[in-house]
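Student: The primary structure of each chain is shown beneath.
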Amino acid sequence: MTRADRADLHTLTGAYSVYALSGRELLAFERHLADCEACAQEVRELRATAAKLGMATSLTPSPVLKDDVMRRIATVRQDPPRVARSEPEFSGGGAPPRRASRGRWQNFALAACLAGAVALGGVAVWQNQQASDARDTARRSEQQVARVEAVTEVLAAPDAHSRNAKLTNGATGTVVVSHALDKAAFLASGLPKPPDGRVYQLWFSDRGTMRSAGLMDTADTGTGRGTAALLSGAVGKASGVGVTVEPAGGSKAPTTDPIGLMSFPAG
Amino acid sequence: MREPVFIGGPAPRGPNLEELLGLVARGDQNAFAALYDAVSGSVLGLTRSLLRDPAQAEEVTQEVLVEVWRTAARFEPARGSAMAWIMTLAHRRAVDRVRSAQSASDREERAALLNRTPAFDEVTEQVEARLEREQVRRCMQGLTELQRQSVTLAYYRGRTYREVAELLQLPLGTVKTRLRDGLIRLRDCMGVGA
Chain V
1 MTRADRADLH TLTGAYSVYA LSGRELLAFE RHLADCEACA QEVRELRATA
51 AKLGMATSLT PSPVLKDDVM RRIATVRQDP PRVARSEPEF SGGGAPPRRA
101 SRGRWQNFAL AACLAGAVAL GGVAVWQNQQ ASDARDTARR SEQQVARVEA
151 VTEVLAAPDA HSRNAKLTNG ATGTVVVSHA LDKAAFLASG LPKPPDGRVY
201 QLWFSDRGTM RSAGLMDTAD TGTGRGTAAL LSGAVGKASG VGVTVEPAGG
251 SKAPTTDPIG LMSFPAG
Chain S
268 MREPVFIGGP APRGPNLEEL LGLVARGDQN AFAALYDAVS GSVLGLTRSL
318 LRDPAQAEEV TQEVLVEVWR TAARFEPARG SAMAWIMTLA HRRAVDRVRS
368 AQSASDREER AALLNRTPAF DEVTEQVEAR LEREQVRRCM QGLTELQRQS
418 VTLAYYRGRT YREVAELLQL PLGTVKTRLR DGLIRLRDCM GVGA
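Residue numbers (our numbering), protein chains in the order written: chain V, 1 to 267; chain S, 268 to 461.
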């Protein structure tokens, strides 16, 4: 990218802050934003400014609206915190909000079928287990369930393809990709707990260049149970997925050799 | 119990939304009710000024607030205040709705759009919003005509900056910079920090 291009991108902070960018420009700007702290700061300020423009329009909602909202939230499961911090907001979140969905649990059956078909073995069993005591689990660990839900969405995608690999630490890793959803998931069984002060970090491989796809929640590691993670960010043109062990908090680029590298299956 | 009175200091301005959002993220429905009381008027006002249709505005307001509940754990204070986060979300959802419904009749709409007074003149009725409204009105007057039109069309009408350029028949680069300059001037006028 030339200097002029960068300057040009920088002037898009205004348009970005009021959601007036779309398509390729939005993607290009979000990529730029990830390495431009000055832009990020300006976006924060301009968004706060835009919020004031919004607040100037306030109305008094009818009490019925509050009743409706309170009734709805009582049935809506909450999402877990973001794992990767650099996840783009708009290009990734442009889809309409997902509705509260008891029905989504039905996907588990499909997901489990798919998982079985591609010989995920232990992971498939774990998925079924999750499904069978879904309600209980929901109460115990909403975050974990939401994560499983996100992974399930990928597993259940009609175009989902998967690939297994033995990781260097003895665990089995499986990567599942849906190009239609532009999402990928990583599942592992027998993943040991990472060494103290270390984490597992996932990466998309863009022709050999590693792009961070977030950290794995390691709560389930070392228990012999399955671990699943939705890779953060779009698959894009990535050709595969890598896993490395990184210092706590993750790294911008891999600092160790991967414990696993899986290329996406063709098609 | 009566509220303490602060003399000479800033009056307390409602609950701390960041704290409430933290509780909401842990599933606290009472905290959510308090958060709802603090933000729903602004969310409804914004969706209403973008969508015009009261029923659709209420629908999107509901969706936004349910999304706040669902994604509260994803709020990152480093990225800005809770209010900015919620209003960004509300703006995005309402604009998505506007765009999906948008017809190709932009040309005819152009005159109408430009002649409409900005939303903050029309719909505000909440007493609490008076300060914001007056501030916005005052600061909007400090913008050039092009800046004001660019900001209004993008923010209150949900147009992309490309559409704004087309509507105003201006080069893209001009709209891009006017939009940014206008927002920066508003930021400075309103004394907004991140």
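Each hint should be verified, as a subset may be incorrect.
[Claimed, not checked] Derived CB-CB ranges, DEER-like:
id, chain 1, residue 1, chain 2, residue 2, range
1, S, R405, V, R207, 49 to 55 Å
2, V, P192, S, G440, 18 to 24 Å
3, S, E343, V, R24, 21 to 27 Å
4, V, T218, S, Q296, 26 to 32 Å
5, S, P282, V, D159, 33 to 39 Å
6, S, G440, V, D159, 38 to 44 Å
7, V, D8, S, A368, 49 to 55 Å
[What the hints assert, rightly or not] Partner residues aside, some chain S positions facing chain V, computed with beta carbon under 8 Å:
id, residue
8, A300
9, S309
10, M350
11, A357
12, Q408
13, L410
14, Y422
15, R424
Just so you know, the hints here were simulated from the structure itself, not pulled from any lab data. Every residue, glycine too, gets a C-beta built ideally from N, C-alpha and C.
Student: Hey, does the Q408 (chain S) contact hint survive, CB to chain V under 8 Å?
Tutor: Since chain V brings no Cβ nearer than about 13 Å to Q408 (chain S), farther than 8 Å, the hint is violated.
Student: Minimum Cβ distance from M350 (chain S) to chain V below 8 Å?
Tutor: 6 Å, holds
Student: Do R405 (chain S) and R207 (chain V) keep their Cβ atoms within the hinted range of 49 to 55 Å?
Tutor: 53 Å, holds
Student: Please check whether A300 (chain S) passes as an interface residue: C-beta within 8 Å of a C-beta belonging to chain V.
Tutor: 6 Å, holds
Student: Take the C-beta atom of E343 (chain S) and the C-beta atom of R24 (chain V), compute their distance, and say whether it sits inside 21 to 27 Å.
Tutor: 26 Å, holds
Student: Any CB of chain V closer than 8 Å to the CB of Y422 (chain S)?
Tutor: 5 Å, holds
Student: Quick one: are D8 (chain V) and A368 (chain S) within 49 to 55 Å, going by C-beta?
Tutor: Given a distance of about 31 Å, which is not inside 49 to 55 Å, the answer is violated.
Student: Evaluate the given range 38 to 44 Å for the C-beta pair formed by G440 (chain S) and D159 (chain V).
Tutor: Between G440 (chain S) and D159 (chain V), where Cβ atoms are some 40 Å apart, the hint holds.
Student: A closest beta-carbon separation below 8 Å is what the hint needs, so does R424 (chain S) meet it against chain V?
Tutor: 10 Å, violated
Student: Identify whether the interface hint at L410 (chain S) stands, where standing means a beta carbon of chain V within less than 8 Å of its own.
Tutor: 12 Å, violated
Student: For the range 33 to 39 Å, tell me whether the beta carbons of P282 (chain S) and D159 (chain V) fit it or not.
Tutor: For D159 (chain V) against P282 (chain S), whose Cβ atoms are near 46 Å apart, the range 33 to 39 Å is violated.
Student: Does the closest beta carbon of chain V sit nearer than 8 Å to the beta carbon of A357 (chain S)?
Tutor: 7 Å, holds
Violated hints for the displayed structure, listed by number in ascending order: 2, 5, 7, 12, 13, 15.
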